[in-house]
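Sequence lines, in order, name chains P and D. Each number in my numbering comes from the position in the first sequence (counting from 1) with 978 added on. Each number in my numbering comes from the position in the second sequence (counting from 1) with 65 added on.
Not one of these hints is a red herring.
Output of the computed footprint for chain P on chain D, the stretches with three or more beta carbons under 8 Å from beta carbons of chain P: (1) 112 to 125; (2) 132 to 143; (3) 161 to 171.
Hints in this document: simulated from the structure, not taken from any laboratory. These numbers were taken from a predicted model, which means no experiment stands behind them. Ideal Cβ placement from N, Cα and C applies to all residues, glycine included.
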Amino acid sequence: MFHRSRPFLAALALLGGSYALLIVCMVAADVAHLGSRLPEVITQVLGTSEFRDSLLLSLFSCTVAATLSVLVGVPLGYLLAREKWRGRGFVEWLVDIPVVLPPLVVGLSLLMLFQLKVGGHSLEDRLNFFGLRVTYAVPAVILAQFVVAAAFAVRTLRLTFSQIPRRTEEVALTLGCSRAGAFWRVALPQARRGVLGAFTLAWARSLGEFGPVLVFAGVMRGRTEVLSTTVFLELNIGRLDAAVAVSLLMIVVSLLALGLVRWLGKEDAL
Amino acid sequence: MIAVSQLCVTAGKFCLANVSFVIPTGGHAVLMGPSGVGKTTTLEAICGLRRIESGRVVIADKDVTQLPPAARGIGFVPQDGALFPHLTVRENAAFALKVRGQSPANILSRVNELASRFGLKQLLDRRVTDLSGGEKQRVALARAVAARPPVLLLDEPLSALDVPGREILRQHLQRLREEEKITILHVTHDPADAEALATQVISL
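For reference, chain P alone in the conformation it holds in the complex (with noise of 0.2 Å):
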């Protein structure tokens, strides 16, 4: 049997505990700000017509956002993973400068992306043309969240297509698959846990987004704004109450959304 010495792991959970407790701390904060009056506020907040519209956008955005990077993980993931080839380094590179950058950083270079004027017309312009419009518009809330949300659904479907053995991808070829068949009938339902999970953390990524959402889509009400925007404006706007209790609101819809996708990946492994 593992040995338990108890002062060891004492010590280890209450160092790791303290974080645990951090956060129980931070939500009681929110809690107590509102007091008795908690049943109050969060009745009038999802009363009204902007947050309903915010909780709205937030919940599609965020799902598209996920869905995309999702999209490009799982090739990019399977490549950093299983291939080698020039450039690989670089690449792993790259991808993770989302994470580290930053928020606003990540929204000012989209904004730069798409309002620099290449041959006398921006990016925004060309598309404007076809009629469809990204800076300060819904596409450039989904656009912000997927650039950093990307990022983390990158790293959790390199991490994932590593642990799966390359040998059952082989075998699979002797079998009769072709590299593109071993990699659907075998590499990719054995990730599909690591999938669930990079979209879940990608969804939570998005949610949570602020910063480039900011830069990049603006702040305007029942437009560009989602959950985080609306705490933002609630603060600006001094109703510090409206702004706890949309918070406590985003603790819930993430709470439920983890939720549903660690229920789903139960339900999956049955």
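Use these hints to put chain D onto chain P, whose structure you have.
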């Protein structure tokens, strides 16, 4: 029949040079040699999983040197079985038949036949992760021969088994060769395997 002539494979600093042998149809050749000499590399090169620098591989009178693994007509059982953990025993055994687009009736009949032959009837709906070492190797063997390849390559299939498990698998291999006229190339460290099964011994 398996004919390997002047096979050269380079992988990093490792180099396998000028390997040649012929195994007649229905033969069971045992490939022996010290660790690191290139036994597994030889199997992988025959399977098409390693790039061949020079030399030829002929299987059932067909030069397969430049063919992809799928077109070589080889059943391969790697050392750890490498079963597909997301599939049941039945789905593992049916894999090659499904890939070939065979009818559900054909697949059912062949899987039942394999289950009887390899003693897997009670295990068909089990997840492969729940099986013992010997059961896993029997499933890997059933999966490898399901599409009736003319050639079977085995990479130390008995090494992780206990003595009764080894004896059972040896009997299965013996019967398989006699009944299906399959040509077997079998990597092993154990002289007992050579004594019990081999029609020829190849030393690297």
